[in-house]
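There are 2 protein chains.
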Amino acid sequence: MPQANAKQRVACYQFAPKIADPSFNLEQSLKAMSEAAERQAKLLVLPELALSGNALRDREEAFVCSMSRDGTRLNALAEQARALDLIVIVGFCERLEAGHVANTSVMIQPNGQRTFYRKAHLWNRETLIFTPGDCAPPVVQTSLGRVAMMLSYDLQFPEWVRLAALSGAQLLCAPVNWPASPRPALQRPVEVTRVQANAAVNHLFILACDRCGHERGMDWVAGSTLVGADGYLLAGGISLDRPQLLVADIKLRTASDKRIPPYNDILGDRRPQLYGKLCQA
Amino acid sequence: MPQANAKQRVACYQFAPKIADPSFNLEQSLKAMSEAAERQAKLLVLPELALSGNALRDREEAFVCSMSRDGTRLNALAEQARALDLIVIVGFCERLEAGHVANTSVMIQPNGQRTFYRKAHLWNRETLIFTPGDCAPPVVQTSLGRVAMMLSYDLQFPEWVRLAALSGAQLLCAPVNWPASPRPALQRPVEVTRVQANAAVNHLFILACDRCGHERGMDWVAGSTLVGADGYLLAGGISLDRPQLLVADIKLRTASDKRIPPYNDILGDRRPQLYGKLCQA
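Top line first, the protein sequences correspond to chains A and B. Residue numbers 7 to 287, in the working numbering, belong to the letters of the first sequence in order. Residue numbers 7 to 287, in the working numbering, belong to the letters of the second sequence in order.
Think of the hints as simulated: they come from the structure by calculation, not from any bench. Relax, there's no trap hidden among the hints.
You can't tell identical chains apart in this list, so a pair holds if it fits in one copy or across any two.
Derived DSS-like pairs: lysine-lysine, alpha-carbon spacing no greater than 30 Å straight-line:
#	residue 1	residue 2
1	283	257
2	48	37
3	283	264
4	48	257
5	264	13
6	24	37
7	257	37
8	24	48
With the sequences and hints as input, model every part of the structure.
So this is what it looks like as structure tokens:
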């Protein structure tokens, strides 16, 4: 266990997965883990669907690119996590029964423990391909602290991030694939803004690892973002279409103190008994 | 009624209310309304507690600065709203019974209709002074469209903004007093970021009118912010400690379309049946 006051280095590795090429993508992921460990990171987030690519044509192609929870590719990542003493969070296409697939992320700890999360809010053509998850984002006790996990479009639902915060998450890790869209000159991508606000209103750290590159006519924000519990950027947060390792040194445990002295508490000040009522005109 | 496709000009007037000087503050507010109308604005937001100032010593002083819903000062604002054909939203200290007071905002329409909202989430020493509101933010049908109202710290609770969106708000008006706090160089104030994210995740316009100046040792972000339904800034959004009239031309009705074609809907994609469950580790 690290010293209570020590900072912990965490990282995102933004890269360009190749569509429908799991072997190439696994190799990139293992390499990313090595680079992160060389930089003394203890936790690494990789993009959403990093092992399959994003722009899958249909459920059949996704099924071909899918992998099971104990398959050889996740085993290879687990072996690397053990060897490097590194927690890794990565998105992949999960094989379900009868030709079905899910957009899933896995957290693999050095001790071999694997935690899975299936994306609950599906984006665009994902609705045609993936079976949505029905479980809340998991919050996992790790050697660094309490780490939660969700995926991309999930971050657009503040209710979902709130659930993780109420479950004690100190750090939220989100593999993402943010599709590029027009934005005003000189303004930060709204995807980044949403991550910052999610961190601020819950007082927790967030790592959102995006992808870069081009894929079957699609471009991406390529805006991987590391945000402090105060909502301010620690690294990334700009659109930069190239592979990059981004790191930040954080004290996870500071995220557990939700007080704003002397009278406020960011979670305690919630009034959930009022949140079910609609407004009168 | 404006043409369905016409843009409507809306405004914030950031100024420095004088503590415990309602007459001066009323005069400033009436002047702000005139300036906004001269600029062809149809709706104006003024700061929180604009008529009393913010740093009230205790409930006794607040009571002295308080006013009733049909008192002479609100009547003067209503007369100005009628004369200028301008909707005004302004924060004031509301007189309740038995020495109690509330941190309230009022929306006054040119036809004389007044809608009130009492701040539900109290900030810092407000907890010692004000009686909190127990009602959801109102959503009012106006000549411009459906306009909601809340105050300052309320914006830190995404649940509260969501309620307004679910009630059909196209524009959310928030008088605020954002206390200054340290922030990293070159980063946008997190208060602004939160407003942007609230707009983006609900696809509605937001006007947050802050104050400027110094008051009994307190400074303010002075970061009045006008945000589009896409979460991008239309005006303001930077810390600028001086009085300023900020305007934007918007089509309120565009905020009612929550679809992201072809498969998504920003409110329809919510999964409220899952939002009550906590996370399993």
